[in-house]
Amino acid sequence: MNWQSILSTDPVAIAIPVFVISIIIELVAVRMGWRGDYDWRDTGASLAMGLGNTISGALLAGSVTGLALWLWQHRMFDIPVAWWSFALCFLIDDLAYYWIHRAGHRIRWAWAAHVIHHSSQHYNLSTALRQTWTGLFGLTFIIKLPLFFIGFPIELVAFCGGLNLIYQFWIHTEVIGKMPRWFEAVMNTPSHHRVHHGTNPRYLDRNYAGVFIIWDKLFGTFEAERADEPPRYGIIRNLGTFNPFWVAVHEWVGIFRDVARARSLKTAFVAAFGPPGALSGETADALRAQWQAETAPPALLPPSAVPAE
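Residue numbers for the sequence shown follow our numbering, so the first one is 1406 and each next one is one higher.
No wet-lab data here; the hints were simulated from the structure. Virtual Cβ for every residue (Gly too), placed ideally from N, Cα, C. Worth double-checking, as some hints may not be accurate.
Unchecked claim - With beta-carbon atoms standing in for the labels, derived distance ranges:
1. E1699 - I1581: 39 to 49 Å
2. V1425 - A1667: 43 to 53 Å
3. Q1573 - L1623: 13 to 23 Å
4. A1420 - V1580: 11 to 21 Å
5. E1634 - W1445: 20 to 30 Å
6. P1585 - I1426: 23 to 33 Å
7. Y1572 - A1629: 17 to 27 Å
8. F1542 - D1415: 18 to 28 Å
9. Y1572 - V1433: 36 to 46 Å
10. L1684 - L1623: 43 to 53 Å
11. P1702 - I1429: 39 to 49 Å
12. R1668 - I1421: 18 to 28 Å
13. A1629 - L1670: 35 to 45 Å
14. I1581 - R1668: 48 to 58 Å
Hey, can you work out the whole structure from these sequences and the hints?
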């Protein structure tokens, strides 16, 4: 197998025509009555975000590549490119993605870069292309840097990351229901990822997986999709606009506005690096706790004491 030839390709660039064809097929299926929804304004915003992500990625990738190269030059091991190192890199890269994704939901600074992907109130294949323009500034890429220090070649890590991104495209759909049970048990699926995009308190900050749902089950963040509770898509406070520039920067503007208004260093720190919604009390944990309190069955009253005769 010519690994050098394989790793010199960009799997995402090759997959783009497949993405476009798949969106068209899904759009036709939805128009024919299959489950799902499309809004041309929303889809247009998603496509604009995808284009902007490609441009910003090309402009900013050099700085991350330089840091990765420096770490790889000081690597712990010389890992060759082979089938076993590819499989191991793909697995570790997916684990790193889980923590990158989790940080993107739990730290507001990182959320400012990631929230773009959740800002659509529709869930279809075009939503998969709604990607950030400011991912580098979210700083979550730091979580993946140990792969280079361990000794995985840069082109191998990049290739595995591209495959991971391609896999996640097809799970952004309502057309596909549940997959076979064995597949749902191990892999991320449309059902699992619909939960992740849901704003229902039950579903908030769940199912961070990229490819393997086992990470969520291992780290306690898994939630199964319920037939009696379809996900409501979007963010807690929806934007009300399809302007891609505001979609791209709205949370950064919110952070700097809140920091400027802060009356203490602690409040400023929480505004920037606390969980999203910390200042308003609308964190995912708080909303879930409130929902659990409101839906919990009333506690059984203790039996009345029988007075002594």
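Does the Cβ-Cβ separation between P1702 and I1429 fall within 39 to 49 Å?
-> With a Cβ separation near 48 Å, P1702 and I1429 satisfy 39 to 49 Å, so the hint holds.
Are F1542 and D1415 spaced within 18 to 28 Å by their CB atoms?
-> 23 Å, holds
Taking the CB of Y1572 and the CB of V1433, does the distance hold inside 36 to 46 Å?
-> At roughly 23 Å between Cβ atoms, V1433 and Y1572 fall outside 36 to 46 Å, so the hint is violated.
Determine whether the Cβ-Cβ distance between V1425 and A1667 falls within the hinted range of 43 to 53 Å.
-> For A1667 against V1425, whose Cβ atoms are near 45 Å apart, the range 43 to 53 Å holds.
Quick one: are Q1573 and L1623 within 13 to 23 Å, going by C-beta?
-> 19 Å, holds
CB-CB spacing for I1581 and E1699 relative to the 39 to 49 Å hint = 32 Å, violated
Assessment of proposed distance window 48 to 58 Å (beta carbons of I1581, R1668) = 49 Å, holds
Is it true that R1668 and I1421 lie within 18 to 28 Å of each other by Cβ?
-> For I1421 against R1668, whose Cβ atoms are near 48 Å apart, the range 18 to 28 Å is violated.
With respect to the beta-carbon atoms only, verify the hint that A1629 and L1670 lie 35 to 45 Å apart.
-> 41 Å, holds
Beta-carbon spacing of A1420 to V1580 - inside the hinted bounds 11 to 21 Å or not | For V1580 against A1420, whose Cβ atoms are near 19 Å apart, the range 11 to 21 Å holds.
Distance restraint hint 23 to 33 Å, applied to the beta-carbon atoms of P1585 and I1426 = About 25 Å separates the Cβ atoms of P1585 and I1426, which means 23 to 33 Å holds.
Supplied distance hint 20 to 30 Å, evaluated on CB atoms of E1634 and W1445 = 28 Å, holds
The structure does not agree with the numbered hints 1, 9, 10 and 12 stated previously, though it agrees with the rest.
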